[in-house]
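J.: Residues per chain, in single letters:
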Amino acid sequence: MNNFFQTTIIVGLFASTIRIATPFLFASIGELVTERSGVLNLGIEGILQIGALVGFLITFRTGSHWLGVFGAGFSGIVLGIFMGWMVTTLKLNQTVSGLALNLLAGGIAFYWFRVVFADVGAENLPNLRIFQTARFPILSDIPYIGTIFFRQQWLTYLAFLSVPVVSYFLYRTRVGLQLRCTGENPRAVDMKGLSVAKHQYGALAFGGFMAGVGGSFLTLASSGMFIPEIQAGRGWIAIALVIFGNWIPWRILVVALFFGLIEAVQLTLQALNANVPHQLLLALPYLLTIIALCTAAGRSRSPLHLGLPYKRE
Amino acid sequence: MTGLPDHARPILQPILQVENLTKRFPSVLALDNVSMDVKRGEIHCLLGENGAGKSTLSETIYGTYLPDSGKIFFRGAPVEIMSPKDAIAAGISIVHQHFVLVPPLTVLENVILGTQKSGLYMDLKYARERLNELSRNYGVALNLDARVWHLSVGEQQWVEIFKALYIGVDLLILDEPTAVLTPQQSERLFSVIKQMRDEGLAIIFITHKLKEVKAVSDRVTVLRKGKKIATVNTKDVSKQELANMMVGRDVVFTIERQDMPPGEVVFEANNLRALNFHGEEGLRGVSFDVREKEVLGLAGVSGNGQKLLFDVIVGQEKPTEGSLKLAGRDITNTTTSKRMKLGLSSIPEDRIKEGLVMDFMVEENLILGFQRREPFAKGKTLVNQKAIRKFSKKSIEDFDIATPSSKQISKKLSGGNLQKLILAREFSQETKFLIAGQPTRGLDVGSTEYVRRRILEQKRKGAGVLLISEDLDEILNLSDRIAVIFKGELMDIIDVNEADIEQLGLLMAGIQKGEEV
Ligand SMILES: Nc1ncnc2c1ncn2[C@@H]1O[C@H](COP(=O)(O)OP(=O)(O)O)[C@@H](O)[C@H]1O
Ligand SMILES: [Mg+2]
Numbered sequence: 001m002n003n004f005f006q007t008t009i010i011v012g013l014f015a016s017t018i019r020i021a022t023p024f025l026f027a028s029i030g031e032l033v034t035e036r037s038g039v040l041n042l043g044i045e046g047i048l049q050i051g052a053l054v055g056f057l058i059t060f061r062t063g064s065h066w067l068g069v070f071g072a073g074f075s076g077i078v079l080g081i082f083m084g085w086m087v088t089t090l091k092l093n094q095t096v097s098g099l100a101l102n103l104l105a106g107g108i109a110f111y112w113f114r115v116v117f118a119d120v121g122a123e124n125l126p127n128l129r130i131f132q133t134a135r136f137p138i139l140s141d142i143p144y145i146g147t148i149f150f151r152q153q154w155l156t157y158l159a160f161l162s163v164p165v166v167s168y169f170l171y172r173t174r175v176g177l178q179l180r181c182t183g184e185n186p187r188a189v190d191m192k193g194l195s196v197a198k199h200q201y202g203a204l205a206f207g208g209f210m211a212g213v214g215g216s217f218l219t220l221a222s223s224g225m226f227i228p229e230i231q232a233g234r235g236w237i238a239i240a241l242v243i244f245g246n247w248i249p250w251r252i253l254v255v256a257l258f259f260g261l262i263e264a265v266q267l268t269l270q271a272l273n274a275n276v277p278h279q280l281l282l283a284l285p286y287l288l289t290i291i292a293l294c295t296a297a298g299r300s301r302s303p304l305h306l307g308l309p310y311k312r313e
Numbered sequence: 314m315t316g317l318p319d320h321a322r323p324i325l326q327p328i329l330q331v332e333n334l335t336k337r338f339p340s341v342l343a344l345d346n347v348s349m350d351v352k353r354g355e356i357h358c359l360l361g362e363n364g365a366g367k368s369t370l371s372e373t374i375y376g377t378y379l380p381d382s383g384k385i386f387f388r389g390a391p392v393e394i395m396s397p398k399d400a401i402a403a404g405i406s407i408v409h410q411h412f413v414l415v416p417p418l419t420v421l422e423n424v425i426l427g428t429q430k431s432g433l434y435m436d437l438k439y440a441r442e443r444l445n446e447l448s449r450n451y452g453v454a455l456n457l458d459a460r461v462w463h464l465s466v467g468e469q470q471w472v473e474i475f476k477a478l479y480i481g482v483d484l485l486i487l488d489e490p491t492a493v494l495t496p497q498q499s500e501r502l503f504s505v506i507k508q509m510r511d512e513g514l515a516i517i518f519i520t521h522k523l524k525e526v527k528a529v530s531d532r533v534t535v536l537r538k539g540k541k542i543a544t545v546n547t548k549d550v551s552k553q554e555l556a557n558m559m560v561g562r563d564v565v566f567t568i569e570r571q572d573m574p575p576g577e578v579v580f581e582a583n584n585l586r587a588l589n590f591h592g593e594e595g596l597r598g599v600s601f602d603v604r605e606k607e608v609l610g611l612a613g614v615s616g617n618g619q620k621l622l623f624d625v626i627v628g629q630e631k632p633t634e635g636s637l638k639l640a641g642r643d644i645t646n647t648t649t650s651k652r653m654k655l656g657l658s659s660i661p662e663d664r665i666k667e668g669l670v671m672d673f674m675v676e677e678n679l680i681l682g683f684q685r686r687e688p689f690a691k692g693k694t695l696v697n698q699k700a701i702r703k704f705s706k707k708s709i710e711d712f713d714i715a716t717p718s719s720k721q722i723s724k725k726l727s728g729g730n731l732q733k734l735i736l737a738r739e740f741s742q743e744t745k746f747l748i749a750g751q752p753t754r755g756l757d758v759g760s761t762e763y764v765r766r767r768i769l770e771q772k773r774k775g776a777g778v779l780l781i782s783e784d785l786d787e788i789l790n791l792s793d794r795i796a797v798i799f800k801g802e803l804m805d806i807i808d809v810n811e812a813d814i815e816q817l818g819l820l821m822a823g824i825q826k827g828e829e830v
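First to last, the protein sequences are chains A and B.
Counting from 1, one number per residue, gives the positions in the first sequence under the numbering used here.
Counting from 314, one number per residue, gives the positions in the second sequence under the numbering used here.
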């Protein structure tokens, strides 16, 4: 009996690790591409929130989850391009622009939500049925393995699929090479007659799309409802994961899973009523992130031109 | 490789004509109504001092800058070159004065960047074939899969040249390509570009060295302060005439170094080892000493550890092994400001980033590092404005710094005046040991002469000097002894009277005397 409990808990732990890692993976892989083009988008946190809201609203109105996901992705693209306008066209400071984007997105989300649901109180917030999890014949029924790997959300599979796809794009394709060069030395790109701005706009749009979709995961595949600040710092963690993952897609996958695992352990311990102060448990993932970042700091190498505006003259 | 004799080469119409090109930067008129033309099968030198406008002209032809007025004709037809894209499409390539490489990527990736216009994949197979063909044709071997930051500066220069040639061009512009090469490497480059010329390319070769003009070019256009002075056939002019055109007055070529008996050892480096920016060992057991009234020249191609040595000596980097002695005291573990107090003066290689605060006023820069000392300090926290004012006035006069006032923001000053400002500051204390990193790089002839004279004056006054320079002529003119650095090691230290340029060049390439080349 005891044994059965333990196994269930461990299987549950691994299944939630993968689920929890999903929004981080979306946001981090998107941010990775953005940063590889030399732009530091600190606005990810805000885009996650807008994505969560837009996804929720569209699905709430239309009943279509996938429409919600695409709407969220689209809103991310819009915000990414707005960021591009600030940092590549106006050449504003990237840190300031990113923080401004966060403030703006936070404000918009809060206001929009209030306008749409003006008449409901906090106790009866609207909610919706979340995405059905995937089912595969045979595979989903394998004991343990099936529960961990083959009963996840479709969006989760998409997030994991984005890792090899982005890796392939960056290292094997023509545009991927151009993008990497933009982040390392934009002058080299410019002097070959290519447009630095186009690459950065494209990367920001992709990063925005991924963060938007990641945000929609929170409302459409996880909680089923929207509350302001639902992203709860995930955007910042995603940026840390990019650093911790040393700007390499596969490494980011590993660290996102690692982070998901810690978070899952934390939740499980809470659920089990373990004799640990819950404040400490809540802080655990963040503490570990800080430690990880400190240890990674010396060894990782960022794109050489990350965060700097490019001017020809 | 000598090429065809002049009369055997076909005389063709100019492939490039530039008419009345004018380009103004916010602070200077960099090009003032410049016209010139270049023919196929010709090496056309663009000669001028630093700041004459050579790079501006070539970058305008390439589309990096847009001219304010003027026309460009290519293959006889007017062309509008709005960006590098247009220049590339027309068949113009450039090797920029400063490398435009992506150091973490491979040679192959650097070369093919931007060369393929469509398609998802990179055609690596074609790229390898094309590069091997270029390698064979010009007898230059390159490891295509090496990361650029592992290459020597000379090899990086070849990557730049292959990048320019890869797409197949009619006009190749080389902007001071020999600045980072040893004399032998330069010779090699000359023979390759002569071969390119004989294959029908038009080549613009930019330099400020007269020797090189005579060695490679068919014609030469001289620029001075943004104006074209003349275009002449190279064989019709002497070096002296070229020098006068370039500078606009009679030039004294060498500064007289005075032999004087050196005094006590003032600085010692023992078996220095240190890690560079990449965490690799950039100094591998460097030992030397410098005496009073002596200039020790440190020759070498840039990137062989000079910068790291400088940083270790002034106390910005810690050695992993070895020791330093200044005026008899061990300074291995002391701070920069302690070293300064013991009589260390330094002229950093990158004067803008490391020598000055560009947004500070001239007078603030003049006392930088001395603000805690008499007479500039007032108590523990305040500065003595009056003393600073007085000192600045005197420095500006003594060192002939061209500035409207001591309150001028430093970034408005020209390169030569910035360097004078640093000299004024560093020499305001009694200097026992001076370390000078590339002190005349990028300066015009007048300022160069001035800086050199001031350095020799310190030697006369009794200081020991370590002069780090890539300019072999400078090393030979100023030093009493010459050390050559290669990959973080001193190859040899020789007396200037026994040194010749040939031998120094070999040492700079890491080849010992008597060794097979
Ligand atoms: N991007 C720029 N912005 C402002 N001034 C410049 C710029 N590039 C060059 N200059 C100025 O134009 C003049 C000519 O410079 P340059 O063409 O680099 O000379 P050269 O290549 O002959 O040494 C110099 O006074 C230089 O300071
Ligand atoms: Mg130049």
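Treat the hints loosely; a few may be bogus.
Quick look at which bits of chain B chain A covers, simulated, 3 or more residues with Cβ under 8 angstroms [as the list claims (entries may be wrong)]: (1) 396-404; (2) 407-416; (3) 421-427; (4) 795-802.
Just a sample of chain B residues kept apart from chain A, beta carbon distances all over 12 angstroms, derived [claimed, not checked]: (5) THR377; (6) ASN589; (7) HIS591; (8) GLN816.
Think of the hints as simulated: they come from the structure by calculation, not from any bench.
No residue lacks a Cβ here, since even glycine has one placed at the ideal position from N, Cα and C.
J.: Hints the structure violates: just list their numbers, smallest first.
T.: 4, 5, 7
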